[in-house]
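Undergrad: Following the hints, complete the assembly by docking chain Z onto the known chain V.
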Amino acid sequence: MNSCFLRCSLLTGFVWTFFVVAASGAEEWPAFRGPNGSSLVPAGVLPVELSAATKQWSVSLPGRGLSGAVVVDGKVFVTASAGTSQDRLHLLCLDAQTGKLLWERRVWATGRTMCHSKTSVAAPTPCTDGSHIYALFSSNDVVCFDLQGRLCWLRGITHDYPNVSNSLGMASSPLVSGGTLVVPVENDSESYCLGLDTATGENRWRIDRPKGANWTSPVLAGPAVVALQSRGGVDAVRLADGAPKWSFSGGADTIPSSCFFDGVLYVPSNGVTALQPAANEAKPRELWQSNRLAPGTASLVVAGDAIYCLNKADVLTAGERATGERRWQLRLQGPFSATPVSDGQHLWAVNEAGLVQVVELGQKEGKVVSSFDLGDEILASPAVAEGAIYVRSNSRLHKLAR
Amino acid sequence: MNGPDVRRSLQGAMPVRLWRLPGALVNCLFMLLMLFMLLMAAEGWAAPPTEQALETALEALRAVDHEGRGNAAAGTAWNVVAAADAQALPRILTAMDGANPLAAGWLLAAVDQIVARHPRLDPEPLCAFLADTSHEPRARRLAFDLVAGIDGPRAEKLLAGLLDDPSVELRHDAVAQLVAQAEQAKANGTTSVALEQFQTAFAAARDIAQVKGLAASIRGLGGEVDLPRHLGFLMNWQAIGPFDNTGGKGFAAEYPPERAVDLSATLAGQGGPVQWQVLTTRDEFGLVDINPLYPPPAPAEAASPAADAAGGKEGLKEVVAYAVTSYDSPQGGPAELRLGTKNAWKIWLNGQLVFEREEYHRGMDVDQYRLPVALQPGPNTILIKLCQDAQRKPWTTEWQFQLRVCDSIGTALPAGRQSADAPPPAVENIR
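Listed in order, the protein sequences are those of chains V and Z.
For the first sequence, the residue numbers in the working numbering are 1 to 402.
For the second sequence, the residue numbers in the working numbering are 1 to 431.
Calculated from the structure, these hints are not laboratory results.
Backbone N, C-alpha and C define an ideal beta-carbon position, used for all residues, glycine too.
One or more hints might be untrue.
Said to hold, decoys possible - Taking lysine-lysine and the BS3-like style, the derived pairs with C-alpha atoms no more than 27 Å apart in a straight line are:
#  : chain 1 : residue 1 : chain 2 : residue 2
1  : V       : Lys118    : V       : Lys364
2  : Z       : Lys212    : V       : Lys211
3  : Z       : Lys186    : V       : Lys211
4  : Z       : Lys212    : Z       : Lys317
5  : V       : Lys118    : V       : Lys211
6  : Z       : Lys346    : Z       : Lys393
7  : Z       : Lys346    : Z       : Lys249
8  : Z       : Lys212    : V       : Lys118
9  : Z       : Lys157    : Z       : Lys249
10 : Z       : Lys317    : Z       : Lys346
11 : Z       : Lys346    : V       : Lys312
12 : Z       : Lys346    : V       : Lys211
13 : V       : Lys367    : V       : Lys283
14 : V       : Lys364    : V       : Lys312
15 : V       : Lys55     : V       : Lys100
16 : V       : Lys118    : Z       : Lys249
17 : V       : Lys312    : V       : Lys211
18 : Z       : Lys249    : Z       : Lys186
19 : Z       : Lys317    : V       : Lys211
20 : Z       : Lys186    : Z       : Lys157
21 : Z       : Lys212    : Z       : Lys186
As the list claims (entries may be wrong) - Examples of chain Z residues toward chain V, derived with CB under 10 Å:
#  : residue
22 : Thr56
23 : Glu59
24 : His66
25 : Arg69
26 : Asn71
27 : Ala72
28 : Gln113
29 : Ala116
30 : Glu169
31 : Ala209
32 : Lys342
33 : Phe355
34 : Arg362
As the list claims (entries may be wrong) - Across the chosen pairs, the derived CB separations fall in these ranges:
#  : chain 1 : residue 1 : chain 2 : residue 2 : range
35 : V       : Ser117    : Z       : Gly248    : 38 to 44 Å
36 : V       : Pro162    : Z       : Asn188    : 27 to 33 Å
37 : V       : Pro35     : Z       : Gly220    : 41 to 47 Å
38 : V       : Gly130    : Z       : Ile409    : 39 to 45 Å
Chain V extracted, bound-state conformation (with noise of 0.2 Å):
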């Protein structure tokens, strides 16, 4: 070992180390519909006018997608499906500077791969917990990898419960929180959710769900609880053993998912409907209830004193966060499978078109400010991360910033 070996080791040391503190204190992106689940992200930091100057780099991905991007640590985590069944599973790491490929690794399904053919198998959103990336699949395949490309562990979830499947295809994201990976993989058949040791993948709890077909994802709704949303309504479980906190019975939609925002879980039900938990109480207290407030296939957006959500008739409404009142309305131009982001003042909702369009969010009204055309089908989630939005298609994973 001679001794500029050892200059340049100790330099990439104190570069490393400065790079991990550094990236430690940025904004991340960890999971469907980001840190705290509900869309919002910080004020000020995306660019409003969008041109083509505004699109930093587009990258191509190997294989199709609409699962969204997580950001951690500088890296952009996409997940992507190829093959002629489907069943080669990609997770790949780009830089999210430069948009290079970092590494990508692959693992086979072990589940059905067959779905619509508007969806596919890398729909779920992958989420992390900082140190490592957990990927599942249409499949119901689990992968965990740490942030370097090691892969931790995998499980096969229909290869363990041969009936938990869906012949349209799965879609709930999963959560992380407290060492524990959420997993929902509720349909027709076999249903559960499933509490997994971020560790080994193995189960810490596996809970019956109801019986139905459903996409929402699970939410955190206080300290170490999750709320799961069904057709039935919600029940919220201890994230550590998947025991029953509290329950509410009046119905949910099965596509756009819950947000819990400020105590206060707004549920796509009925309309939406706001739900405050109590402690030590099986049942959460009704705030409100509006059937004004309708969201199609984006989930909730919650930023600031209103509530959002796209229509299926690609109107968005905007209301009082408070009451449920709703302040106004603004058809923009859809279809919509994507959940916007907001950062309170705008909003950045993306078609399936690929035309993003940029909402200045008025007290009394909404106007489209901005568009951009991606030229590229759209149906997943966008991420933020550092004052960039990266949204990607069934081909392509795109960077847009000022």
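TA: Same frame as chain V, now just chain Z:
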């Protein structure tokens, strides 16, 4: 052992020149060494494993099992395998032979990591691995992809010899290559050459989309194809029904055909006595439609509200039917029953329940469900239970299935008679 302890220990073992270095410098060197090792570990740089260590690690990966069993050991073992040199790739690919699907995934991810570190691979051992068709088909496909990444033209040449390959994906690409040649011949006006190439490709094709496309191409040039024979669809059945499925209870209910199939029997159905009826399909993809056998009662007046809701079509709802056939297997042995249906279903082979699924109207496709079975030599009785639910939407009227018998790559198995003229034998107490 802390840093100074290690240093003292090292000083005792180090050559003279090193231990004579000032203590501060040794401390600095030690810290740099630790930093370097930490950096190497973080970046996944580890020494390649010995042959024995690799074998031990591969065994750990192959030992993973249901519900995460073996994952903890596999996580450590994966780092060992992934640190291997490129020369170990054939050994790692060989470890996929007979591995369970989970283990195969672990191995694939390790191959990816090794290949990422070795952009210049030697194609010869990979070609040798590819040439040995006794290896796991997906591992051979992986070897082919690696060769293609090194030497694209060579891979293209190799494809021409893979038309009858046991790997479905390799066969798919070989068929696609021949189809491209046939399209070129067709464009050049050499129709007879094109037809011959399309027919050769059709004979080799197992991918359903390719089979469909090739059938159209051959017919377009005046040729003939027999899709049911090529794919192995069962076209001749006997059916009985309807039985009650109100509220979905019929799925779990055990109606008489589940206890014994007697084609001469008269059974108590939902609306009265029911008997077995011949049900033959002419559909090229073996689609067996139950609805025409049991038309709903004609509405007294114009279309019923239910029919309106169903888009003008209406069939019986909340009912169960059974279909049975006899499949004559000359030698018996491993096979796959491949089923497509939108309805809840159960399927028995020679009285043994193979699988069941209670899902309604989420989608249907050829080969939707692949069910590995063991056929017995001679007649095999295949019984299907097909349930229709209460939904009344345009996409919920279908009460149908398609079933084929093939090997693990989708090749139709040679069969004896399977026709309406040869109804399945009466089987007493098939359970």
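Undergrad: Does each hint hold? Answer for all of them.
TA: Results for each hint:
For the hint linking Lys118(V) to Lys364(V), the alpha-carbon distance of about 36 Å lies beyond 27 Å, and the restraint is violated. Our distance criterion of 27 Å between C-alpha atoms is broken by Lys212(Z) and Lys211(V), whose separation comes to about 35 Å. Between the alpha carbons of Lys186(Z) and Lys211(V) the distance comes to roughly 52 Å, so the proposed pair goes past 27 Å and is violated. Simply put, Lys212(Z) and Lys317(Z) have alpha-carbon atoms about 32 Å apart, too far for the 27 Å limit, and the pair is violated.
Only pairs whose Cα atoms come within 27 Å are accepted, and Lys118(V) paired with Lys211(V) is accepted, the gap being roughly 23 Å. Using a Cα cut-off of 27 Å, the hinted pair Lys346(Z) and Lys393(Z) holds, with the two alpha carbons roughly 24 Å apart. Restraint check for Lys346(Z) and Lys249(Z): the C-alpha separation of about 14 Å stays at or below 27 Å, so the hint holds. Distance hint between Lys212(Z) and Lys118(V) is fulfilled; the C-alpha atoms sit about 21 Å from each other, no more than 27 Å.
A C-alpha spacing of about 57 Å is found between Lys157(Z) and Lys249(Z), which places the hinted pair above 27 Å, so the restraint is violated. Proposed proximity of Lys317(Z) and Lys346(Z) is supported: the alpha carbons are some 18 Å apart, at most 27 Å. For the suggested pair Lys346(Z) and Lys312(V), the alpha carbons sit about 37 Å apart, so the restraint of at most 27 Å is broken. Proximity of Lys346(Z) to Lys211(V) is assessed by CA-CA distance (about 18 Å); at most 27 Å being required, the pair is judged to hold.
Restraint check for Lys367(V) and Lys283(V): not satisfied, since their Cα atoms lie roughly 39 Å apart, outside the 27 Å limit. With a CA separation close to 22 Å, the supplied pair Lys364(V) and Lys312(V) stays within the 27 Å bound. Among the hinted pairs, Lys55(V) with Lys100(V) is consistent with the structure: their alpha-carbon atoms are about 15 Å apart, no more than 27 Å. Restraint check: the Cα-Cα separation between Lys118(V) and Lys249(Z) comes to about 32 Å, which exceeds 27 Å; the hinted pair is violated.
A distance of roughly 25 Å separates the Cα atoms of Lys312(V) and Lys211(V); the hinted pair therefore holds under the 27 Å criterion. The suggested pairing of Lys249(Z) with Lys186(Z) is violated, with an alpha-carbon distance near 56 Å, which exceeds 27 Å. Restraint check for Lys317(Z) and Lys211(V): satisfied, since their Cα atoms lie roughly 20 Å apart, inside the 27 Å limit. As the CA atoms of Lys186(Z) and Lys157(Z) are separated by approximately 22 Å, the hinted pair is consistent with the 27 Å bound.
Note on Lys212(Z) and Lys186(Z): the hinted pairing holds, with a Cα-Cα distance of about 18 Å set against a maximum of 27 Å. Among the interface hints, the one on Thr56(Z) is violated; its C-beta lies about 17 Å from the nearest C-beta in chain V, farther than the 10 Å criterion. The restraint placing Glu59(Z) at the interface with chain V is violated, with a minimum CB-CB distance near 17 Å, outside the 10 Å limit. Checking His66(Z) against chain V: minimum C-beta separation of about 5 Å stays under 10 Å; hint holds.
Interface hint at Arg69(Z): satisfied, since its Cβ lies 8 Å from the closest Cβ of chain V, which is below the 10 Å cut-off. For Asn71(Z), the shortest C-beta to C-beta distance to chain V is roughly 4 Å, which falls under 10 Å, so the interface hint holds. Interface hint status for Ala72(Z): upheld, as the beta-carbon distance to the closest one in chain V is roughly 5 Å, under 10 Å. For Gln113(Z), the interface hint holds, the least distance from its beta-carbon to any beta-carbon of chain V being 6 Å, beneath 10 Å.
Interface hint at Ala116(Z): satisfied, since its Cβ lies 6 Å from the closest Cβ of chain V, which is below the 10 Å cut-off. Among the interface hints, the one on Glu169(Z) holds; its C-beta lies about 6 Å from the nearest C-beta in chain V, closer than the 10 Å criterion. This hint holds: Ala209(Z) has a C-beta 8 Å from the nearest C-beta of chain V, less than the 10 Å allowed. Because the closest C-beta pair between Lys342(Z) and chain V is about 8 Å apart, less than 10 Å, the hint holds.
Residue-level restraint check for Phe355(Z) holds (minimum Cβ-Cβ distance to chain V is 7 Å; threshold 10 Å). For Arg362(Z), the suggested interface contact is upheld, since its CB lies about 4 Å from the closest CB of chain V, less than 10 Å. For the pair Ser117(V) and Gly248(Z), the supplied restraint of 38 to 44 Å is violated, since their beta-carbon distance comes to about 28 Å. For Pro162(V) paired with Asn188(Z), a C-beta distance near 50 Å fails the hint of 27 to 33 Å.
A beta carbon spacing of about 56 Å between Pro35(V) and Gly220(Z) contradicts the range 41 to 47 Å that was offered as a hint. Here the CB-CB span from Gly130(V) to Ile409(Z) is close to 43 Å, well matched to the stated 39 to 45 Å.
Checked against the numbered hints given earlier, the structure breaks hints 1, 2, 3, 4, 9, 11, 13, 16, 18, 22, 23, 35, 36 and 37 and satisfies all the rest.
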